[in-house]
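Got chain A sorted already, so can you dock chain B onto it with the hints?
Chains A and B supply the protein sequences, listed in that same order. Using the working numbering, you'd call the opening residue of the first sequence number 162 and step up by one each time. Using the working numbering, you'd call the opening residue of the second sequence number 8 and step up by one each time.
Note that these hints are calculated values from the structure, not bench results.
Pair ranges (Cβ atoms, derived):
hint, chain 1, residue 1, chain 2, residue 2, range
1, B, L47, A, A171, 55 to 65 angstroms
2, A, R197, B, G93, 23 to 33 angstroms
3, B, G93, A, S363, 24 to 34 angstroms
4, B, R168, A, S219, 21 to 31 angstroms
5, B, A24, A, G272, 17 to 27 angstroms
6, A, A171, B, F231, 14 to 24 angstroms
7, A, T334, B, A24, 31 to 41 angstroms
8, A, R224, B, P186, 42 to 52 angstroms
9, B, P11, A, A171, 37 to 47 angstroms
10, B, A124, A, A269, 28 to 38 angstroms
11, B, D61, A, M213, 50 to 60 angstroms
12, B, F231, A, D311, 25 to 35 angstroms
13, A, S363, B, R168, 27 to 37 angstroms
Ideal Cβ placement from N, Cα and C applies to all residues, glycine included.
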Amino acid sequence: MPRFEATKLAKAFDGPPIFRDVSLEAERGLVAVTGRNGSGKSTLLKIFAGLMRPSRGSVALWRDGAKLPENDRAHEIGFASPELEFIDELTATENLSLLSRAAGRPAAARGIGELLDAFGLARPAHGRRVGEFSSGMKQRVRLAFSLLLDPPVLLWDEPYSNLDTHGIDAARTIMNARRETGLVILATNDRRDIEDADDEVSLS
Amino acid sequence: MKSPFPSQAVAVFLRDARRELRRRTTLAAVLFFAAAALILISFSLASVALPPGDRAKLNAGVLWILLFFSASSGLPRSFVREEESGTALALRKIARGEAVLAGKFLFNFLLFLAIAAVAVPLFCLLQTWSPANPWTLTIVLLLSGYGVSFVSTFLSAIVSRAGQKDILFVLTALPLLMPLLLPAVEATARAAADPAFAAIDPVWKVLLSYDGLATVGGMVLMRFVWEG
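Isolated chain A, as found in the complex (with noise of 0.2 angstroms):
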């Protein structure tokens, strides 16, 4: 089980920073980031993700005592953020099959059927194109791409934007199966998930 640790992140744009100093140290479990729009929330994913750098302070997976180099830490960690989008003209399954090659780990397309099932997708929009989804089935896609490498580390960035009832429920059993294995982060501000989580990182 990987260790997630960050040290006292900061992130300025061209100004003042809009964080500073969070540190988060964890191994498996709920985590929720909040505060209010604009606080840093989808910013401080994104560099829990490796997709954007802090302005100062470090973000390392440790695996049984050694930090794992970027490149296999960008697979350690899956990623969901209402900024993901897919080739319009590509089906899901096709879509996400490609990622699961480029990334060096090809996914069998049952298992990618599998992921989506598990999100509520129905079976006749795996092979339609994106372009055709409406916003619910776009997110449940984002959704089932953060897990396409089966990684330890989950980030979610408001991961029940546009889902229905049954896409919520869906998320949240997921959820609550990979915090017992793993480690969950969402961004949020569901009262909910704030009350149950393990653990809060608050920037307001």
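This is chain B only, laid out in the frame that chain A set:
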């Protein structure tokens, strides 16, 4: 088990190829540009009387203007489209920059070859120009097209996250591609005038060296471009 680098690059290529096959916007745009330029060139050069040696040089230069600007209307889109449509984030999260560069280069190189396969025979037909050795000309086009495609793809990665992408691409591409385009024009003129392969010696070695250096440099630097 982790699959090898070429397989990762092919997956990136297949993303672009499938999108293009279902949409056909890039191919249609570059072929339309090439056809329009070809017609204008044919009309304007039809009445120009030149000695055969000068005609070969003029044709070589005009052919490369046609190929370069047709390709420039499509090649820079590879990374820019990913950024503009928001699909780059998923790719950046999951794939190595070098594999993405290789896959997108492969797509762009095939796009360049498709442009050349249509434009060069039509150009020869409309200009009543028959190259002395089509095979030598093909080698020149392959070597030069490789360089144009690779450097354009790499520059596309650099400018994709900047503002004023189009003008930035042109401003950076011209000085970087000039050392390739000048020998390409020279080699094309020689291949058109002389049937012997020796006619393009040593220019083909210059083209090959450029391709090699561009590939190594691009692959080494791509990690920094991709991770930002």
